[in-house]
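Same order as they appear, the protein sequences are chains A and B.
Taking the working numbering, I'd label the letters of the first sequence as residues 1 to 573.
Taking the working numbering, I'd label the letters of the second sequence as residues 1001 to 1108.
A portion of the hints provided could be inaccurate.
Take a look, some chain A residues computed to stay more than 12 Å from chain B by CB distance [to be verified]:
{"hint": "1", "residue": "Ala257"}
{"hint": "2", "residue": "Arg263"}
{"hint": "3", "residue": "Ile487"}
If you want a taste of the chain A side facing chain B, the calculated C-beta under 8 Å gives, among others [to be verified]:
{"hint": "4", "residue": "Gly225"}
{"hint": "5", "residue": "Phe434"}
{"hint": "6", "residue": "Pro460"}
No lab work stands behind these hints: they were computed from the structure.
Please read these numbers as outputs of a predicted model, since none were measured by experiment.
Don't be surprised by glycine CBs; every beta carbon is placed ideally from N, CA and C.
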Amino acid sequence: MHDHFALALAAGQLGTWRWDIATGVTTWDVALEQLFGLEPETFDGTMDAWVALLHPDDVSHVMEVVQRATAERSPYELEHRVVWPDGSVRWLYCRGMVTLDDDGNVTGTIGCTGDITARKQLELDAERRIADAERVAARERLHRERLEFLDGLNDSALSATDHRELMRNVAGAAVPQLGDWCAIYFLPEGATGPEVEVAHADPDKTVWAEELLHRYPYDSDAPRGVPAVIRTGQIEFVPLISPESIERAIAGVEDRALAEELRSIVNALQVTSLITVPLRTKRGVIGAIRFVSAESGRQFDDDDVALGRTVAGRIAEALENTWLTDQQRVIAGTLQAALLPPRLPDIDGLSVAVRYWAAGTATEVGGDFYDVFKIDERRWAIVIGDVCGTGSNAAAVTAIARHTIRAAATHGAHHHEVLAWVNDALHAGNRDLFCTATYSTLERVDDETWRFISVAGGHPLPIVVAADGTPTTIGRPGTLLGVLPDIQTTTGEVLLRPGDTLILHTDGVTDVRPPYELDPETVINIAIEAAAGSRTADDVATRLGQAVHRVLPIPDRHDDVALVVVHILQPSE
Amino acid sequence: MTPNWEWQQRTETSSVLIVRGDLDVAVGVVFVDAVDKVLAADGPPAEVVIELGEVDFIDSSGLRALLQLRHNYGERVQVGAISAAVERLLELTGTLEHFRPGGTNPHD
């Protein structure tokens, strides 16, 4: 600044003045008059004439500095604007000193002034450029955040295991980038009120919002807000929520105490801006997503509305589909549970474990079934089977197969007869469905030895992994059940001793598409690895499950997988 | 997977259906419909030979389709060549013999 002043001095572009308190007259030289845009010798020397030339916005600042300097008898510096008679605005720099008489009384001021408009312009330009750059950067950032959010939306939706989780994921992903709050309302078909998920970056605030939602029940007839958006299917966009608009909204509430409470809540929320977008599917409007700007003070604009619309478009179908899937899963799960034994019997000397993995979507009743039951004091039956097809017909076949096997086994039928009974029962039904199964028994021979006898009807053969790791499949493939009037089966038999492991499984083999090669050899290798070193059937089943998941991830499955594992315990165990 | 098969006229009374790729749940029902249409039409062909030598994958739905056709049309539906994938499934399910023509074709 001083350099600049020196420059101005050197260039001779400096005006000077002297103010005499006693006379009230200010004397300007011609150079100073020029700096104020006046013709030579036209300044009348009054304080008023000077003040009138100052830029209105700078008057108070200039007067304050001058008065303080006079009071403190100190020199001063000032930068201020003047308005020339032609209307143009110039920036001046002035440096003043207070003059004193011999007794130290203030007699006036004296000083020089120069024009700094050019420098000021540069400074202002630079500031504007920085501000512009910051604005552009902020917009870019917002834009990027929005794109990232949209990218993340698919992940949020896909990774959800049920519709509530989907709502939670999406709302959670939206804050705080798209709004301080995000709420998703979903009205399932036939429901009386909406399901709501609210998110805020601060979990405590989320809890608070949930409490509020409980306290003020959803009013589907409300004239504005989410219910109105869901009713009309129209977007509601409130760019700026003013105190007046809050009052207008509260004026409609008749209960004054309630109105007071609402006012304090709204004020505490500091809501500034709102966007509510309907969630629309082929069925119609199924809910709404609401973005709320609050303590951040950000005002939503048309870009935000467009983004809200995009988000709503992306999640509406996904939300409804996930919900439908949930409903089917509940039904399927209930049915499936009815078709599988509630618990396994405890068998002295044997460790038994079962696993059941429903196919990827888990939306239908799978066709796999298993059963373990007691025939008499020495013998136990093990059944595993797979009905081709899913849904209620498959469930019926499963039930027929399981109960026919139980009936045949406890009536003393031989192994091949048991499967023949099932074949007859299914074939008579003529359901255009078939079933594969193995029927096996374990008979206690002595403290350490069990006789395993098995027969397969179109089903993968049981695998025995001996204590030393040697694998064997038991029996031979036989005809599947329910298609042909007569079946061909071959019964196999083996003696099992402590440390041996028996593995019965459903597919993977018939219904698994390459490259997931779960061919019989791979299955046997997996079985050997799982059995090695395992001390209980549960260990083996867990390891088998992990190995199968690696080869064939659950989402890629088209069919259920069921496992029954039996491990022969040491007599002391 | 889109249905991928092709008809060929072998003799006046025999059509050949060559199936390629996957014979699975996505194809099974349409596959049965296609054969139904041909066999239900008036006039030739009297029989259909299904060639499965180029099938990469067959699942239980594919097997069901074959069993259903065999059930509905008996010897009018024959299975010709089979790929390793098909053979594995037919063997496991004990249905390989069932599909073998075994010289029982009355039209030979």
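Cross-check of the supplied hints:
no.	hint	verdict
1	Ala257	63 Å, holds
2	Arg263	60 Å, holds
3	Ile487	7 Å, violated
4	Gly225	46 Å, violated
5	Phe434	7 Å, holds
6	Pro460	7 Å, holds
Of the numbered hints stated above, those contradicted by the structure are hints 3 and 4, listed in ascending order.
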